[in-house]
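Trainee: Listed below, chain by chain, are the residues.
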Amino acid sequence: MITKRIIPCLDVKNGRVVKGVNFGGLNDVSDPVELARFYNASGADELVFYDITASYEGRALFTDILRRVASEIFIPLTVGGGINTLEDFDRVLKCGADKVSVNSGAIKNPALITEAAKKYGDQCVVLSADVKRVDGVFRVFAKGGRENTGMEAIEWIKRCVSMGAGEVVVNSIDTDGVKQGFDIEMLRAVCDAVNVPVIASGGAGCVNDFVRLFKEVPDVDAGLAASVFHFGEIKIPDLKRDLHANSINVRLVK
Amino acid sequence: MIAIVDYGVGNLFSLVSSLRRIGADAKVTGNAEEILNADKIILPGVGAFEDAIKKLRSAGLDKTLKEAAAQGKDIMGICLGMQLLFEKSYEYGEHEGLGLLRGSVVPMEGYIPEGLKVPHIGWNGLHFTRKHGLFRYITEGECVYFVHSYFACDCEDSLIATAEYGKELTAAVAKDNVMGCQFHPEKSGDAGLSILKAFCEGVEK
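If you're matching them up, the sequences are chains P and B in order. Quick note, in numbering that gives the first Met the number 0, the first sequence goes up one by one and the last residue is 253. Quick note, in numbering that gives the first Met the number 0, the second sequence goes up one by one and the last residue is 204.
Hints listed in this document are in silico derivations from the structure and should not be mistaken for laboratory results. As the structure is a computational prediction, the values presented were derived from the model and not from experiment. Be careful, since some hints might not be right.
[Unchecked claim] Pairwise CB distance ranges (calculated): (1) P:S54 / B:E163: 33 to 39 Å; (2) P:H243 / B:G59: 48 to 54 Å; (3) P:S161 / B:G132: 30 to 36 Å; (4) B:D50 / P:D237: 30 to 36 Å; (5) P:N207 / B:E139: 56 to 62 Å.
[Stated by the list, open to error] Going by beta-carbon spacing under 7 Å, a handful of chain P positions derived as facing chain B: (6) T2; (7) G95; (8) A192; (9) N245.
Every residue, glycine too, gets a C-beta built ideally from N, C-alpha and C.
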């Protein structure tokens, strides 16, 4: 049976992981390569790297890091941040990424999804959507969640999937950073609307939030988080043990 | 030397890195002579069957692979590379494969129960249907990483492992010197590296 995936997300700026990382036993806590190694050994099922640098030099550093990670970590790697063209897809895929996530790039130019899916396959194109309730309606936000696009989120996600997005990351701005659990209602709405894997993001504060996620939204395929993993508030081996104990199928690493 | 067959399909970065990691001397090549002189051959592939088999043929590498197989050289197909080893595929039409293994490749849709997502993406456990040297470093139930919408069927004579996704789907095959994995060993963590290692060291037929 297919397992539920646990995915740590690393925001990388100028070659370093940002959002303060606080681990025991690591020499350099903000070194993305060392963190990737740590997560791989902990049993992470996939890693997401977001490039949040704007400069050309930062971008070159990012691809260099990606290449180093992909040379020694043999689990799926997804890359996002600043993906606006097919050349951007090409640049990160050549460095060892398996999937590429598009967010603002797809909002600016939805055809990017179709072009990329045709060239690299649906499985390679991940739609990342930042969603927030506005007057009771799910709306898509752009620019890292700062700008309301006015688009209704479920329609947007359905449209992107029909254009070729093979996976969807749903980041609830409403629950992000609050650490009170994932946005069950929003995730249910997305899972009911599409038939591709859905990755939940935003709101994980404790192990039980993941148990609730997979119990209450059985169609969700994966749970993604950043700081709770980086700060060691949730340890992936413990998380997987608890999920397993709750009859949720996960990959257990020896 | 392990020859990784280069015919312009897919991204070989991770495959090359994973082989380097286990200490194998791997070379990406589309040169027939080099492929025939290699100790072992890996046939990778992602994308569509028709496009891939056409590219193999136009490079003349279909003949090279058949010749290598006839010589008894170990060949391992990965993902679409495994599917190419079979007689036929019904992915968007009907296409002839290399015919090194008996069986055909068919869509998952309509075969697996409705409601399950296609493609089958993610980590799934291996069920061994036959004892095989490729698995000598891993145990029953270990998870490997799949990404596919089509699967091999009517291949009972080569089937060595399945994965359950609503139904048992072909996960790995081996018949004499011709082997294949539907999953990506180069993306399957330590379990995947162990399978590659077993292949590179050689398996008993």
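Trainee: Confirm or reject each hint.
Mentor: Here's how the hints hold up against the structure:
no., hint, in the structure
1, P:S54 / B:E163: 33 to 39 Å, "48 Å, violated"
2, P:H243 / B:G59: 48 to 54 Å, "50 Å, holds"
3, P:S161 / B:G132: 30 to 36 Å, "45 Å, violated"
4, B:D50 / P:D237: 30 to 36 Å, "45 Å, violated"
5, P:N207 / B:E139: 56 to 62 Å, "31 Å, violated"
6, T2, "5 Å, holds"
7, G95, "5 Å, holds"
8, A192, "13 Å, violated"
9, N245, "18 Å, violated"
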